[in-house]
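Once you have looked at the hints, place chain B on chain A.
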Amino acid sequence: MDEQTRLTYLTRHYYELQGIRTAPFWLTMLAYQTESLGVAQFPRFYGVFNGHVLNFFATISWVCLMGYFSWRAGQYYRRHFGSLESNWITLPTNRIYWSLLLCCVALSIYNLVFLGFRGMLPYCVTLVWISPLFEAENPPLRRFYFALAGALVVFSTLFIQLTHRNNAVILVIQCIVLLALGIADHMLLMSLCTPPREDVDA
Amino acid sequence: MLENQPSFPEVNRVIHEPARLSILTVLSACTNADFTFLQTATGLSKGNLSVQLTRLEEAALISVEKILERKKTRTTVKLSAEGRIQLNEYWQTMKRIQEQGAPPIIQKTTDTRSDRA
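Keeping their order, the protein sequence lines are chains A and B. In this note's numbering, each residue carries its 1-based index in the first sequence increased by 6. In this note's numbering, each residue carries its 1-based index in the second sequence increased by 111.
Among the hints, erroneous ones may be present.
To be verified - Here are some of the chain A residues that sit facing chain B, going by a computed Cβ distance under 8 Å:
| no. | residue |
| --- | --- |
| 1 | GLY88 |
| 2 | SER89 |
| 3 | GLU143 |
| 4 | SER197 |
| 5 | CYS199 |
| 6 | THR200 |
No lab work stands behind these hints, which were simulated from the structure alone. C-beta: ideal position from N, C-alpha, C; glycine also.
Bound conformation, chain A alone (with noise of 0.2 Å):
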């Protein structure tokens, strides 16, 4: 990637490389679909409170937190690596993409409302997070991790559905998966700005 190429990649997708934005509400769903697999379980006060006030309270109070944790995570960054205003809307231009995701929709909406069946609908949502891997803009590195990622979505759910299996798994991968995937993207931020130099005369 030459120079030129590379500041205006960083400079366009600054915001959308902000992977730690979204980790706690990647975590938040986390949390909640390990209690729904009994692997974590939040501590309840059945007969001290009413149970539904408590899960209500513990909700907001954690949604606040993690809100909080989010905010905190915009201000680590625009200390750290600053802020800019753009009006740049980055999305595909892949016409693929977007047959393939109409396609997809399309198909949920009808095992939805005809068939009363659900399962279509983690193949539309991997579908719109993959979204980078279509725009030719992004480094290969970075479409090589999106592809990695949707392929492991995909084939653990499918394999979920053709196995029966607990469908709150597709969830837990899907928020692990997209934890990772802003991990990486941190990290690919992070690769893109330039080490401070001294070499250029002023």
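Positioned in the frame of chain A, the structure of chain B alone reads:
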């Protein structure tokens, strides 16, 4: 002999400097950027970046705005309309130079052993 050499178009010297070109490239890809981001993207030191920004501002290629935020000054930099035109012209000039063909590279002999002999 010089008559046979292709005449290359004039290049804007203010933009042609690598550090200033990096700053302008960043600014051309966004509405505005703050000082920290420019430092992160270009890798320039605070002093150097400040000098380059002053030069670009003097050439009316950028506009610098200082905002007071929580007792701290935040510097935001924006590419001016003139700057955008000049930068586009610069890239067109560079493209024309590339199309005309680069001048022959004079190779230097760096073999130290033959020098010693």
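Checked hints:
Interface hint at GLY88(A): satisfied, since its Cβ lies 3 Å from the closest Cβ of chain B, which is below the 8 Å cut-off. At a threshold of 8 Å, the smallest CB-CB gap from SER89(A) to chain B is about 5 Å, leaving the interface hint in force. For GLU143(A), the shortest C-beta to C-beta distance to chain B is roughly 11 Å, which exceeds 8 Å, and the interface hint is violated. Among the interface hints, the one on SER197(A) is violated; its C-beta lies about 12 Å from the nearest C-beta in chain B, farther than the 8 Å criterion.
Proximity of CYS199(A) to chain B holds as hinted, the smallest CB-CB distance being about 5 Å (cut-off 8 Å). The interface hint given for THR200(A) is met, as the beta carbon of that residue sits about 3 Å from the closest beta carbon of chain B, less than 8 Å.
Checked against the numbered hints given earlier, the structure breaks hints 3, 4 and satisfies all the rest.
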